[in-house]
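Could you build all of it, start to finish, from the sequences and the hints given here?
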Amino acid sequence: MVLFTDFGEGSIYVGEMKGVILKVNPSRTIVDLTHNIHPQNVLQGAFLLKETFHFFPRGSIFVCVVDPGVGSTRKGLAIETRNFIFLGPDNGLLFPAVCEDRVNRVVSIENKAQLPEKISSTFHGRDVFAHVAAKLSKGLDIGELGPVIHKIKDLDLPTPRVEGGKIVCTVLFIDSFGNIITNLKRSGFREELSRSLKISIGGSCYTLPLVNSYHEVKENQPLTLFDSFGCLELSVNRGSASEYFGVKCGDVISIMLDKEKNLIS
Amino acid sequence: MVLFTDFGEGSIYVGEMKGVILKVNPSRTIVDLTHNIHPQNVLQGAFLLKETFHFFPRGSIFVCVVDPGVGSTRKGLAIETRNFIFLGPDNGLLFPAVCEDRVNRVVSIENKAQLPEKISSTFHGRDVFAHVAAKLSKGLDIGELGPVIHKIKDLDLPTPRVEGGKIVCTVLFIDSFGNIITNLKRSGFREELSRSLKISIGGSCYTLPLVNSYHEVKENQPLTLFDSFGCLELSVNRGSASEYFGVKCGDVISIMLDKEKNLIS
Amino acid sequence: MVLFTDFGEGSIYVGEMKGVILKVNPSRTIVDLTHNIHPQNVLQGAFLLKETFHFFPRGSIFVCVVDPGVGSTRKGLAIETRNFIFLGPDNGLLFPAVCEDRVNRVVSIENKAQLPEKISSTFHGRDVFAHVAAKLSKGLDIGELGPVIHKIKDLDLPTPRVEGGKIVCTVLFIDSFGNIITNLKRSGFREELSRSLKISIGGSCYTLPLVNSYHEVKENQPLTLFDSFGCLELSVNRGSASEYFGVKCGDVISIMLDKEKNLIS
Numbered sequence: 049m050v051l052f053t054d055f056g057e058g059s060i061y062v063g064e065m066k067g068v069i070l071k072v073n074p075s076r077t078i079v080d081l082t083h084n085i086h087p088q089n090v091l092q093g094a095f096l097l098k099e100t101f102h103f104f105p106r107g108s109i110f111v112c113v114v115d116p117g118v119g120s121t122r123k124g125l126a127i128e129t130r131n132f133i134f135l136g137p138d139n140g141l142l143f144p145a146v147c148e149d150r151v152n153r154v155v156s157i158e159n160k161a162q163l164p165e166k167i168s169s170t171f172h173g174r175d176v177f178a179h180v181a182a183k184l185s186k187g188l189d190i191g192e193l194g195p196v197i198h199k200i201k202d203l204d205l206p207t208p209r210v211e212g213g214k215i216v217c218t219v220l221f222i223d224s225f226g227n228i229i230t231n232l233k234r235s236g237f238r239e240e241l242s243r244s245l246k247i248s249i250g251g252s253c254y255t256l257p258l259v260n261s262y263h264e265v266k267e268n269q270p271l272t273l274f275d276s277f278g279c280l281e282l283s284v285n286r287g288s289a290s291e292y293f294g295v296k297c298g299d300v301i302s303i304m305l306d307k308e309k310n311l312i313s
Numbered sequence: 049m050v051l052f053t054d055f056g057e058g059s060i061y062v063g064e065m066k067g068v069i070l071k072v073n074p075s076r077t078i079v080d081l082t083h084n085i086h087p088q089n090v091l092q093g094a095f096l097l098k099e100t101f102h103f104f105p106r107g108s109i110f111v112c113v114v115d116p117g118v119g120s121t122r123k124g125l126a127i128e129t130r131n132f133i134f135l136g137p138d139n140g141l142l143f144p145a146v147c148e149d150r151v152n153r154v155v156s157i158e159n160k161a162q163l164p165e166k167i168s169s170t171f172h173g174r175d176v177f178a179h180v181a182a183k184l185s186k187g188l189d190i191g192e193l194g195p196v197i198h199k200i201k202d203l204d205l206p207t208p209r210v211e212g213g214k215i216v217c218t219v220l221f222i223d224s225f226g227n228i229i230t231n232l233k234r235s236g237f238r239e240e241l242s243r244s245l246k247i248s249i250g251g252s253c254y255t256l257p258l259v260n261s262y263h264e265v266k267e268n269q270p271l272t273l274f275d276s277f278g279c280l281e282l283s284v285n286r287g288s289a290s291e292y293f294g295v296k297c298g299d300v301i302s303i304m305l306d307k308e309k310n311l312i313s
Numbered sequence: 049m050v051l052f053t054d055f056g057e058g059s060i061y062v063g064e065m066k067g068v069i070l071k072v073n074p075s076r077t078i079v080d081l082t083h084n085i086h087p088q089n090v091l092q093g094a095f096l097l098k099e100t101f102h103f104f105p106r107g108s109i110f111v112c113v114v115d116p117g118v119g120s121t122r123k124g125l126a127i128e129t130r131n132f133i134f135l136g137p138d139n140g141l142l143f144p145a146v147c148e149d150r151v152n153r154v155v156s157i158e159n160k161a162q163l164p165e166k167i168s169s170t171f172h173g174r175d176v177f178a179h180v181a182a183k184l185s186k187g188l189d190i191g192e193l194g195p196v197i198h199k200i201k202d203l204d205l206p207t208p209r210v211e212g213g214k215i216v217c218t219v220l221f222i223d224s225f226g227n228i229i230t231n232l233k234r235s236g237f238r239e240e241l242s243r244s245l246k247i248s249i250g251g252s253c254y255t256l257p258l259v260n261s262y263h264e265v266k267e268n269q270p271l272t273l274f275d276s277f278g279c280l281e282l283s284v285n286r287g288s289a290s291e292y293f294g295v296k297c298g299d300v301i302s303i304m305l306d307k308e309k310n311l312i313s
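Heads up: the protein sequence lines correspond to chains A, B and C, in order. For what it's worth, my numbering labels the leading residue of the first sequence as 49, then goes sequentially. For what it's worth, my numbering labels the leading residue of the second sequence as 49, then goes sequentially. For what it's worth, my numbering labels the leading residue of the third sequence as 49, then goes sequentially.
Certain hints may be false.
Each pair may be met inside one copy or between any two copies, as identical chains are not told apart.
[To be verified] Below, computed lysine-lysine pairings styled on BS3-like, alpha-carbon distance capped at 25 angstroms:
id, residue 1, residue 2
1, K71, K186
2, K214, K71
3, K166, K233
4, K160, K246
5, K166, K71
6, K246, K123
7, K233, K186
8, K71, K183
9, K201, K266
10, K123, K166
11, K214, K233
12, K199, K166
13, K214, K296
14, K123, K266
15, K71, K296
16, K166, K98
17, K233, K199
18, K266, K214
19, K183, K296
20, K71, K98
21, K186, K201
22, K160, K183
These aren't lab readings, by the way, just hints derived from the structure by calculation.
Right under this line is the structure:
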């Protein structure tokens, strides 16, 4: 059982979810993937879930809660994919991950017989998703949770676009070191890349080395690399790129195309 | 085994407690309820423990450490209730929770034979409570920990009071979204409530909608609702109510009584 | 399996490591010692690891990642000590801990047959250390990971020095309460100590009581004590010493020697 929320690490809300799960299935291992999704940032959640779910063992049940629309008419979903089960709100959060792993079955969680008597209108993570996750972990079939549905809310992660001699990409995540992670994948480039990139951020222009690891530049010097997600990352060796460049999640970064080999393939 | 402290999430002190527990009982599941209690805020700890312990399975052992008086003459308690065991300092932290679950037996942890040889005077969470919790989890009876006592320090959670046409309530918790959680329970109101509340906060007056879930107001608009604790909560849809209203833990909020149906029953 | 990193609590990088471990060994208990080491502060990591590893049960595998040189030529180490296995970069992080527990065998992790096909150049915590830790937890001998080596990078934790009538010590850690933990051990003093210490911090001089526990001084009053690590700690009862004194990690603090009994033995 893997928990993935925007509740903030150490939130008592996470503790309550764990209590609910253990009450139904006391022997279940519960792992925190992260609870540090930027509050109510469904896009960031969708990106990070897609990039990380595959590290977990086959059969894992993901309980995913970034849910600004809780209590509205948005559905609660249970999705069986090739290797996993994903639970979460129907707001696009699960969409990129379940597409990547291929969907077998989607169920709208509606069957009151499988839900607690009292359900708050503000915390379905605890009252709906954690509760049914624990039941699934004990062998309940997702078909028992409600009707199969054939359409869920999609969410297209922003892709970099080429525009007048530059690649425009989006910052999707800033990690605890201050590294800036963009949506530009290594796989989007031809094999050979130049050894530096011209990058425009909020009106300023930088020429930054493109390296393989942080230590290749001096301390407190900026750099770019393709990181452990395979994404273009702006970093400062032993420093915070987010502070250095004044960049935050959702910002746009442009990469100047001055050599043909840097073009997106 | 459930850990509940004010050490801050990811504190190495929590890690040390887990080591101590696993050294005595390597197979025990350890769950973090929260470690984000405001440092040394016994009142907040007592409130949140009371609101959340019941989510855990019967037989859980709660190790609760919000302990500004560590090393003083305050007792260390082991309390057996109807469904659980609670361990923690005798400073009121456990009082509301154990009263709610009904007390069977209270023991003052004093028996040196059950304690480590060296006990620091600053970290009983590790040297006393985690240690004996692990022993209890292996079957030790709490009676082995020391003498039964019949009086513990009480702590009355503040209750809202009606005062000259308004209900005066207290902010007990601000969550990671910035939601403001008060001590005013839904159950204190008659069934039918008006659809908005007049609220006075630090000299300013607001008329706020009383809704069921956050999405019922526009983004960045303030609202009130009864939350997943059943408490009156001030929130801002997709924003931080704590920043919006400039409110912090311990502050007082007044609700104007302009309709009879809003009176506390 | 014990995780110890500077990724920040709740970092998704920690979640990825847990996924990798569970994929290889789904039944393994994983415990977080801490993830709040100050980013890339190898010295602080080395200090805290040395002070805390012994709380864990014999046979624990420590996965330790404070690794600013990831992707460089620095080796990845697997060290078998008398009671534990330690995994981490060869940058001194493990040195004080493994010396304390006595080293049996040191292996440089190089055997590609035991490593994943794709290894990022920025996240060996996930791709190397978590992966081989999981294999070791299933019984793999550390000798299978690569050649035995006989020299690793050492790291000497700074020790207090006596200089012209004062003891000069270093701040190695500031905890979530704001307590200031120095490298000066109780064991460095003769049995009897005076009841106050004259301390010089950044040009200012303070006479502070030396007590056994926080509550011995009034609220918001500063104090010193030997803490649960056995180290001299500056604290403020129910407050933050770090804010009070304006001290941060790495700063130097001097203790005036005005009585013979305060001399380091």
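Verification of the hints:
1. K71 <-> K186: both (12 angstroms within a copy, 20 angstroms between copies)
2. K214 <-> K71: neither (54 angstroms within a copy, 40 angstroms between copies)
3. K166 <-> K233: between (45 angstroms within a copy, 16 angstroms between copies)
4. K160 <-> K246: Classified as neither: same-chain Cα gap 57 angstroms, cross-chain 36 angstroms, threshold 25 angstroms.
5. K166 <-> K71: within (16 angstroms within a copy, 36 angstroms between copies)
6. K246 <-> K123: Classified as neither: same-chain Cα gap 44 angstroms, cross-chain 33 angstroms, threshold 25 angstroms.
7. K233 <-> K186: neither (39 angstroms within a copy, 35 angstroms between copies)
8. K71 <-> K183: both (10 angstroms within a copy, 22 angstroms between copies)
9. K201 <-> K266: between (46 angstroms within a copy, 21 angstroms between copies)
10. K123 <-> K166: within (18 angstroms within a copy, 38 angstroms between copies)
11. K214 <-> K233: Within one copy only: 15 angstroms inside a chain, 56 angstroms across chains, cut-off 25 angstroms.
12. K199 <-> K166: Neither: 28 angstroms inside a chain and 36 angstroms across chains, both beyond 25 angstroms.
13. K214 <-> K296: within (20 angstroms within a copy, 43 angstroms between copies)
14. K123 <-> K266: between (51 angstroms within a copy, 20 angstroms between copies)
15. K71 <-> K296: neither (40 angstroms within a copy, 33 angstroms between copies)
16. K166 <-> K98: Classified as between; 18 angstroms across copies, 32 angstroms inside a copy.
17. K233 <-> K199: neither (29 angstroms within a copy, 39 angstroms between copies)
18. K266 <-> K214: neither (28 angstroms within a copy, 37 angstroms between copies)
19. K183 <-> K296: neither (39 angstroms within a copy, 38 angstroms between copies)
20. K71 <-> K98: For K71 and K98, only the inter-copy Cα distance (17 angstroms) is at most 25 angstroms; the intra-copy one is 29 angstroms.
21. K186 <-> K201: neither (28 angstroms within a copy, 42 angstroms between copies)
22. K160 <-> K183: Within one copy only: 13 angstroms inside a chain, 41 angstroms across chains, cut-off 25 angstroms.
In summary, the structure is inconsistent with hints 2, 4, 6, 7, 12, 15, 17, 18, 19 and 21 from the numbered list given earlier, while agreeing with the others.
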